[in-house]
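Using the hints, position chains U and Y against chain P.
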Amino acid sequence: MKQLILGGARSGKSAIAERLADESGCEVLYIATATVGDGEMEERIRLHRERRPDHWLLAEEPLQLAAILTEQAAEGRCILVDCLTLWLTNIMFMDDGAHFQSEMDKLLEILPDLPGEIIMVGNEVGMGIVPMGEMSRRFQDESGRLHQNIAAICDRVVLTVAGLPHTLKGEAL
Amino acid sequence: MKQLILGGARSGKSAIAERLADESGCEVLYIATATVGDGEMEERIRLHRERRPDHWLLAEEPLQLAAILTEQAAEGRCILVDCLTLWLTNIMFMDDGAHFQSEMDKLLEILPDLPGEIIMVGNEVGMGIVPMGEMSRRFQDESGRLHQNIAAICDRVVLTVAGLPHTLKGEAL
Amino acid sequence: MKQLILGGARSGKSAIAERLADESGCEVLYIATATVGDGEMEERIRLHRERRPDHWLLAEEPLQLAAILTEQAAEGRCILVDCLTLWLTNIMFMDDGAHFQSEMDKLLEILPDLPGEIIMVGNEVGMGIVPMGEMSRRFQDESGRLHQNIAAICDRVVLTVAGLPHTLKGEAL
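Residue numbers (the numbering used here), protein chains in the order written: chain P, 1 to 173; chain U, 1 to 173; chain Y, 1 to 173.
Bear in mind the hints are in silico, worked out from the structure with no lab data behind them.
Careful: at least some of the hints might be erroneous.
Among the chain P residues that face chain U by a calculated CB cut under 10 angstroms, a handful are [as the list claims (entries may be wrong)]:
1. Glu27
2. Thr35
3. Trp56
4. Gln101
5. Met104
6. Leu108
7. Val125
8. Gly128
9. Ile129
10. Val130
11. Gly133
12. Ile150
All C-beta atoms, glycine included, are put in the ideal place defined by N, C-alpha and C.
Just chain P, with the same shape it has in the complex (with noise of 0.2 angstroms):
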């Protein structure tokens, strides 16, 4: 089963998504996707750690997602992967782009076929004023591009707000 956690700014969504994963019954792998840039992340990134459970297998990849999952999906195993606007950011932004393309193409096509347990995590970045700048408003529409075509594969999809879950499509939460 395939599962997309949407959500905006502190919307809860990763906590719901360790939930998901942690009552999935299965082994549970851990895909960061952030790089310790500044100390603001690096927060962030402690407060993540801490929460999650300490026998949770924990793998960091801020680029080449598909060869990571491609290489750890199996039967009996869940991978959560929190999150995928941050890999989005790396991809559009890391060797000034150069391996946006077919990164993002790699992951679509490789993702229909894993087996296991896959949860994603988005941060839903499309509901504000369009952002001036040109490079952001690329990134929201990248994001909003990304999450149609991954929630098309998955089998369900869940809006978090205040903490709460909406599901959007699937079995509701």
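Quick look at chains U and Y alone, frame taken from chain P:
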């Protein structure tokens, strides 16, 4: 029947509106409110055009939405307005907003009595940080008011997230 | 009963909260958290005032929300707080945020045990592009955390879009 399809940037709202128009069984008139101002918008318009069936009628009307709707609405015809948000931008900023109040009033006055099918697309822009600029803030306010007023008139209102329709009013999609 | 009415800018959230207060059958106390700082806010406050029934009690409290709720909450009384977002702004920025943590802690501590009806309005600000400024980003984070914490305490949580209530928790509106 009147329908309002809301959604954030790249949420898939236009695709849902186009599907509804296609399934209406009516002759479809597509009213584009975009004005070809710069390369970025040209590219978006081109993509929208490619997706639309060839047999749809097309009209471009950036400003006088009430007038063209009054003229063109008819039983057995489905009019798709894509989108209210660009029209709002146009009436707020063209000629320093001289047409704003009168165009807004006219649309809300004629809309309830239009014959045939009317499908309108709008961009949800009110769920981000309140913008710093006074004009952006005013735009966010007017957009919210417009959507409230249109939604009160419509038989069905849908919020699109990640390509998935969530029905807020009327029969669920 | 405790209710949280969320929504974007000009989504119609205050009108829904006011309707719920009106239909409560209780004496209504309206707590305004806005401070009359500039002309734009004055105009908004004036519009809000015009819409409210004359027989409602009114209190203005920008900062010490926990204290006034503790003092005023009573069986048979409905308190409407409009809105949490301005209160959050006030405790974050007044006196350089000196009251932030203590006021936040006090509110979350006293809220579960308040008697009577409590209706709180909040602005959803987390679904747009993550803002560039550190303070805006912190505000977005604190707003999300506040809504999660309040929502966990409330019996009903509603997200308002285009004037239409979508119930996220509790009995549907």
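Hints and how they fare:
Interface restraint check for glutamate 27 of chain P: the shortest CB-CB distance to chain U comes to about 28 angstroms, outside 10 angstroms, so the restraint is violated. Interface hint status for threonine 35 of chain P: violated, as the beta-carbon distance to the closest one in chain U is roughly 24 angstroms, over 10 angstroms. Hint status for tryptophan 56 of chain P: violated, given a least beta-carbon distance of 26 angstroms to chain U, over 10 angstroms. Restraint check, glutamine 101 of chain P versus chain U: the minimum CB separation of about 16 angstroms is more than 10 angstroms; hint violated.
The closest approach between the C-beta of methionine 104 of chain P and any C-beta of chain U is roughly 14 angstroms, which is over the 10 angstroms cut-off, so the hint fails. Using the Cβ-Cβ criterion of 10 angstroms, the hint placing leucine 108 of chain P at the interface with chain U is not satisfied: the shortest such distance is roughly 13 angstroms. The criterion of a C-beta within 10 angstroms of any C-beta in chain U is met by valine 125 of chain P, whose closest approach is roughly 8 angstroms, and the hint holds. Below 10 angstroms, beta-carbon pairs count as interface contacts, and glycine 128 of chain P has one with chain U at about 2 angstroms; its hint therefore holds.
Satisfaction of the interface hint for isoleucine 129 of chain P is found here, the shortest Cβ-Cβ separation to chain U being roughly 5 angstroms, below the 10 angstroms cut-off. Contact between valine 130 of chain P and chain U, as hinted, is supported at the beta carbon level, the nearest pair being about 6 angstroms apart and thus within 10 angstroms. The interface hint given for glycine 133 of chain P is broken, as the beta carbon of that residue sits about 12 angstroms from the closest beta carbon of chain U, more than 10 angstroms. Hint status for isoleucine 150 of chain P: holds, given a least beta-carbon distance of 7 angstroms to chain U, under 10 angstroms.
Hints 1, 2, 3, 4, 5, 6 and 11 from the earlier list are contradicted by this structure; the remaining hints agree with it.
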